[in-house]
Amino acid sequence: MATEERDGVALSSLDSPLGDDLGVTKRQLVDYLDAVAERLVPQLAGRPLSVKRVRPGQPPFMQRNVSKGAPDWVRTAPMWSEGSHREIHQVVCDDRRTLLWLGNQRAVELHVPFFRIGNPEPTGLVLDLDPPEGADFSVVVATAHLVRQALQGAGLAGAVKTSGSKGVHVVVPVTGSPGEDVAAATRALAARTAALDTDLATTAYLLEDREGRVFVDSTRSGQATIVAPYSPRLRPGLPVSFPVAWDALEDVRPGDVTVTTAPGLLGDDDPWARALPDPQRLPAELVAEGHAIPVARVQAMHEGKRRKRAREATSTEG
0 MATEERDGVA LSSLDSPLGD DLGVTKRQLV DYLDAVAERL VPQLAGRPLS VKRVRPGQPP
60 FMQRNVSKGA PDWVRTAPMW SEGSHREIHQ VVCDDRRTLL WLGNQRAVEL HVPFFRIGNP
120 EPTGLVLDLD PPEGADFSVV VATAHLVRQA LQGAGLAGAV KTSGSKGVHV VVPVTGSPGE
180 DVAAATRALA ARTAALDTDL ATTAYLLEDR EGRVFVDSTR SGQATIVAPY SPRLRPGLPV
240 SFPVAWDALE DVRPGDVTVT TAPGLLGDDD PWARALPDPQ RLPAELVAEG HAIPVARVQA
300 MHEGKRRKRA REATSTEG
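Residue numbers (numbering that gives the first Met the number 0): 0 to 317.
Honestly, the hints are just simulated from the structure, not real lab data.
Heads up, some of the hints might be wrong.
[Unchecked claim] The following label-pair restraints were derived from C-beta to C-beta distances: (1) Trp-79 x Gly-266: 26 to 32 Å; (2) Asp-250 x His-88: 40 to 46 Å; (3) Trp-79 x Ala-34: 30 to 36 Å.
Glycine residues also receive a C-beta, built at the ideal position from the N, C-alpha and C atoms.
With these hints in hand, go ahead and build the complete structure from the sequences.
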């Protein structure tokens, strides 16, 4: 098996298909990560990394625990996994070498939380917007502008990027608040957004309650993650989560920028670093408003159980 070496990292099978039906080689992924390393690594550094990997002939899989046999120079951090109820060791990508190693592992999607190792205070919040099934991307664009309006009403500012999948992320850097207050403020901002146009947007967590509206997802707080800016996504052609200027949002689609086109579009620029406002303090009234709003997942769980009992009761009566 022919190998190449970059920054001390042995790279293998570069000219083989990256995965099934993706239309790109492993080399194209590695070359892309190498080309954007100076912009991508700062988005990953100091944060526990979750990756989505792919292998030909196998379905993609999410990986949080470091791979067995990882080089001893790959930094990891012990983290408690709620899903598996045990301590795991997640990769921390602080340098180009680790990024190249991840590419050689066929790690395509790079997901990070809004906190750094050793410091639980959130560095930001996100409102995640996805179009309803069969809807045009224009409804997401319109909802993103509602989010911006809600932010401005609270004295806040955010930056927007495509998710690389179907929607967009509006990211707001924050400082000085514990996790529960940031989560509350996110719920309040989502509610304010939906209230600006109830025919277009909703905070309804249950799919059956959305009625064709854009879901303003406020649930990515705490240990939840979002795909990092400049990260590829596991879709044909490997589209990239890419920064967008607010006044250019109407002209883009999530899959427009791919691993083969992004480096040429970027040149020496870092539009995400340029677009992000400085970290902001959350207004007390926004936080208080959010604490009065139930956590979406918890509320949905209870509502789902209630509806199931009602259906079973109706079925029994029938």
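Pairwise beta carbon distance, Trp-79 to Ala-34, judged against the given window 30 to 36 Å: 35 Å, holds
So the hint says 26 to 32 Å: do the beta-carbon atoms of Trp-79 and Gly-266 match that? 41 Å, violated
Does the beta carbon distance between Asp-250 and His-88 stay inside 40 to 46 Å, or does it fall outside? For Asp-250 and His-88 the Cβ distance comes to about 42 Å; the hint holds.
In the structure shown, a violation is registered for the earlier hint numbered 1 alone.
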